[in-house]
Amino acid sequence: MRRIWLFLVYGIIAVVLESTWLAYFPTTLIRFDLILMAVIAIALADDQRGAIASVVIMGALLDVTSMAPFGLAVFSLVVVYGFIRTIVAKISIEIWLARFVWVGLASLLNKVITVLLVFVWSGNLSFVEVLGKICGPQALFDAAVGLFMIPLLRRLDSLTWEKLFRPKGLVLE
Amino acid sequence: MSWFAGKKKLLNFLIPLIVALVFFSLASQKASRARWYESALLNLLTPFEVVVTNISELGGSVWNGYISLVGVEKENQQLKQVNARLEGLLTNAQETRQENERLRELLSYKETLPYETVVARVIANDPRSEFKSFTINKGLKDGVDVLMPVIGPRGLVGRVGLASSHIAQVLLITDPNSSVDVIIQRSRARGLLVGTARRTELRGGSAFISRLEYLRRVSDVQEGDVVVTSGFDQIYPPGIAIGTLHDVVSSRYGVFQEADVVPFEDFQSTQEVLVLLKQADPNAGEGS
Chain Z
20 MRRIWLFLVY
30 GIIAVVLEST
40 WLAYFPTTLI
50 RFDLILMAVI
60 AIALADDQRG
70 AIASVVIMGA
80 LLDVTSMAPF
90 GLAVFSLVVV
100 YGFIRTIVAK
110 ISIEIWLARF
120 VWVGLASLLN
130 KVITVLLVFV
140 WSGNLSFVEV
150 LGKICGPQAL
160 FDAAVGLFMI
170 PLLRRLDSLT
180 WEKLFRPKGL
190 VLE
Chain X
169 MSWFAGKKKL
179 LNFLIPLIVA
189 LVFFSLASQK
199 ASRARWYESA
209 LLNLLTPFEV
219 VVTNISELGG
229 SVWNGYISLV
239 GVEKENQQLK
249 QVNARLEGLL
259 TNAQETRQEN
269 ERLRELLSYK
279 ETLPYETVVA
289 RVIANDPRSE
299 FKSFTINKGL
309 KDGVDVLMPV
319 IGPRGLVGRV
329 GLASSHIAQV
339 LLITDPNSSV
349 DVIIQRSRAR
359 GLLVGTARRT
369 ELRGGSAFIS
379 RLEYLRRVSD
389 VQEGDVVVTS
399 GFDQIYPPGI
409 AIGTLHDVVS
419 SRYGVFQEAD
429 VVPFEDFQST
439 QEVLVLLKQA
449 DPNAGEGS
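Protein sequence lines correspond, in order, to chains Z and X. The first sequence runs 20 to 192 under my numbering. The second sequence runs 169 to 456 under my numbering.
In isolation and in its complexed conformation, chain X is listed as follows (with noise of 0.2 Å):
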């Protein structure tokens, strides 16, 4: 008993790290459905995500509409005031309208598509710059489940990484833990889409890309090809856009080319998303 008491600070240090690393070797690379502690801690924080994603969007229509007319002539103020409820209302209307385009954008998508399909809002980002993922308003209860494709209106967003109840963690093709079997769409030459969480120049440099790997160096590739899903892991369905080729490198060695991949779709204004309802295979999750 003596030597628990004299240890008592070092282990007050060492359980919870031990706990950590229970835990730690509990997680599987694979996608998963959320263990109860997760559920738990989620359900916990997922109202607060939602009220500030909406106070958000609601704070960026009044700053846009009222706030930002701040400081105007005195003998003005009533106009002002009018003007200002009537810009608020209108960017409120553009707003339901960008709204409106976007969803518009999705559901034509999801005619083409042969699979049912869940439109979910992002409500949060991955609060760790080196993972790349965000989390939707639908969960389990919804239809949504691990390893289901989720796309935007522009192209391949990632899949259902980890699923609870009422939301679900997408992990985006621009994550290193995220690969996708692909073809070039003009010559059909196949590869490995994976993430890098690196980004680009282009867009601004807001942009993050992938890289596409295991190119045979005798395809036919050149820059600006766009590169489509094959279907082939048997997670995504074929024929799906992700992006545009750059940089393409084909040493004078070795088996392989690789390339680098600017995503159609822009992860950090993405706020709608279509999760298509699709099983996957259950061992297709494996390393991807």
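So that you can see chain Z by itself, here it is in the shape it has in the complex (with noise of 0.2 Å):
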């Protein structure tokens, strides 16, 4: 339950950045994908109780948002989720070069099933057009942000009321 209600809140403000100030940034095409970057980082944990959950939660939120078709970002991200969770026990993601290049294939990975799903649902080719274009640099972006952003949410993902709450003079002790 505390990890769903942390990226709950995660998935929120993640979200409504990435709507309102993150919309057309770095770039009109290429953007911050910060749900992307929880959800690799909840596959990478030892301890998976409500992982599934909150990958699931996230992937709504992305999709109310979004024009796309509800269920679209739910069942990509579930698949990323899967496939971090298959290679886990063989990669070594401490190593920034591993990161660099799983999180990249990771990101590949979302927006081929992206377009693929998309180009089902609505059989469009303009999508598949614009995706084609976007998703080498987007994954190369994920993949240096991944660098930083993944650390930084596993330490966020162990994250305790006890850690946070825990007087100062206990810690010390």
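Hints in this document: simulated from the structure, not taken from any laboratory. Predicted model only: the values in this text are computed from it and were never measured. A couple of the hints might just be wrong.
Covered by chain Z, according to a simulated footprint, are these stretches of chain X (three or more residues, beta-carbon under 8 Å) [said to hold, decoys possible]:
hint : segment
1    : 185-192
2    : 207-221
3    : 304-311
4    : 329-340
5    : 355-365
Below, a list of computed lysine-lysine pairs in the DSBU-like style, where the Cα atoms sit at most 30 Å apart [unchecked claim]:
hint : chain 1 : residue 1 : chain 2 : residue 2
6    : X       : Lys446    : X       : Lys306
7    : X       : Lys176    : Z       : Lys109
8    : X       : Lys309    : X       : Lys446
9    : Z       : Lys109    : X       : Lys446
10   : X       : Lys177    : Z       : Lys109
Here are some, though not all, of the chain Z residues that point toward chain X, as calculated from beta-carbon distances under 10 Å [said to hold, decoys possible]:
hint : residue
11   : Asp52
12   : Asp82
13   : Phe89
14   : Leu96
15   : Val97
16   : Leu127
17   : Glu181
18   : Phe184
Glycine included, C-beta positions come from ideal geometry on N, C-alpha and C.
With the hints as a guide, dock the two chains, each given alone in a separate frame, to form the complex.
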């Protein structure tokens, strides 16, 4: 439950920022994907309690703020989560190069699934064209952002009420 | 039971995927009112989006009027502070004046329209770069409903794609899911305007363009021609300005020619819009 509440709050903040201040940053086509970062961080954790529910909640928040069909972000993010869980034992995410590569691949996977689903939904080739152009630069950008965001989010993920409100004296003891 | 216990991990992963696919299959390409779960999540997010939008407007004026002046000489600090405060006030006044001008532009537009209108503020943009839409602070309770046309001070913006009780999402004419029946103002040649979510180098590279399709090869079109709505699609009233033609491509063979259309409206800086309270033909949204 702790993780679900934590990432519900994180999801609200991330989606609000992505749709307001970060809506056209750094460019009109390449954006910060704070939700994807959180999903990767959750998938890398040892304790997986509430992980899937957190991913679904964040995907749903992203879906309602977009004109994308509801369920698109939930589906693609759950697949990304599954992808990271499958490889988590075989990779060393602490090494920055590995982190760069795997976050980039996860971002690419996210976009490829989005393309496929949107194409199935709309039959519109324009989406394939647009996503084909942006998925490469977006993956590189996500990989670069992941270098510092993933460790940060993993620390956030391990945050507990106890750690937050433990008296300072007790910590020093 | 033991089979389920063994496959628990796999089921934990597969169940959300199947649920997401069920929701996905429920999503219609036609404009629709928000379902209960969409409304619930939208109502959760909207107050935060409104607060952040207000803060950024306030922050912009404070930054322009005060923080950018930090670092002044010590002896002039007091005077500078007064100056900064006045600058802040001036910026606020300028902001109000600009807002007034924008609203006056919208109102003068409103007077020429044969429909009742509602002025709405843009509170959020689409967080996904491949979709082109924004959220406005008016919804079903204000009379705003799906498929209603939305216009800005300079021209057509799009139509309401999803309506909830207090907010609505506007599908922009640059979104690949958008299509508008249009005519060339000068020659009255007819075509279909579809979104491409492509950028143009015009306007500093920040503007997105739409494409004019199904334009007959024999139609009289030139670069710079103004494109307006035809009204034949039963969604948009006729005569609303959209943009100008660029890059007219007429292949040697084939029945149609194509052209890019640069919208008059700069969607990145649009802050207020008018929603025409025009009920569309219930069948008009199909495929558009």
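Going down the list of hints, with the structure as the test:
Residues of the segment 185-192 of chain X with a Cβ under 8 Å from some Cβ of chain Z number 7, which satisfies the need for three, so the listed coverage holds. Counting residues of the segment 207-221 of chain X whose CB falls under 8 Å from any CB of chain Z gives 8; the rule of at least 3 is met. With 0 residues having a beta carbon nearer than 8 Å to a beta carbon of chain Z, the segment 304-311 of chain X misses the requirement of three or more and the stated coverage is violated. Three residues within the 8 Å Cβ limit are the bar, and the segment 329-340 of chain X against chain Z gives 4, so the coverage statement holds.
Counting residues of the segment 355-365 of chain X whose C-beta sits closer than 8 Å to any C-beta of chain Z gives 4, which meets the bar of three, so the coverage hint holds. Among the hinted pairs, X:Lys446 with X:Lys306 is consistent with the structure: their alpha-carbon atoms are about 15 Å apart, no more than 30 Å. The hinted pair formed by X:Lys176 and Z:Lys109 meets the criterion: a straight-line CA distance of about 22 Å does not exceed 30 Å. As the CA atoms of X:Lys309 and X:Lys446 are separated by approximately 15 Å, the hinted pair is consistent with the 30 Å bound.
Taken as a hint, the Z:Lys109 and X:Lys446 pair is broken in the structure, with Cα atoms around 58 Å apart against an allowance of 30 Å. The straight-line distance between the Cα atoms of X:Lys177 and Z:Lys109 is roughly 18 Å, inside the 30 Å bound, and the hint therefore holds. Hint on Z:Asp52 holds. Least Cβ distance to chain X is approximately 9 Å, under the 10 Å limit. Hint status for Z:Asp82: holds, given a least beta-carbon distance of 8 Å to chain X, under 10 Å.
At its closest, the beta carbon of Z:Phe89 sits 5 Å from a beta carbon of chain X; the interface hint therefore holds under the 10 Å criterion. For the restraint placing Z:Leu96 at the interface with chain X, the shortest Cβ-Cβ distance is roughly 9 Å, inside the 10 Å limit, so the hint holds. Nearest Cβ of chain X to the Cβ of Z:Val97: about 5 Å, under the 10 Å cut. The hint holds. For Z:Leu127, the suggested interface contact is broken, since its CB lies about 14 Å from the closest CB of chain X, more than 10 Å.
The closest approach between the C-beta of Z:Glu181 and any C-beta of chain X is roughly 27 Å, which is over the 10 Å cut-off, so the hint fails. Annotation: Z:Phe184 was flagged as interfacial toward chain X, and the flag is violated, the nearest CB pair being 25 Å apart, outside 10 Å.
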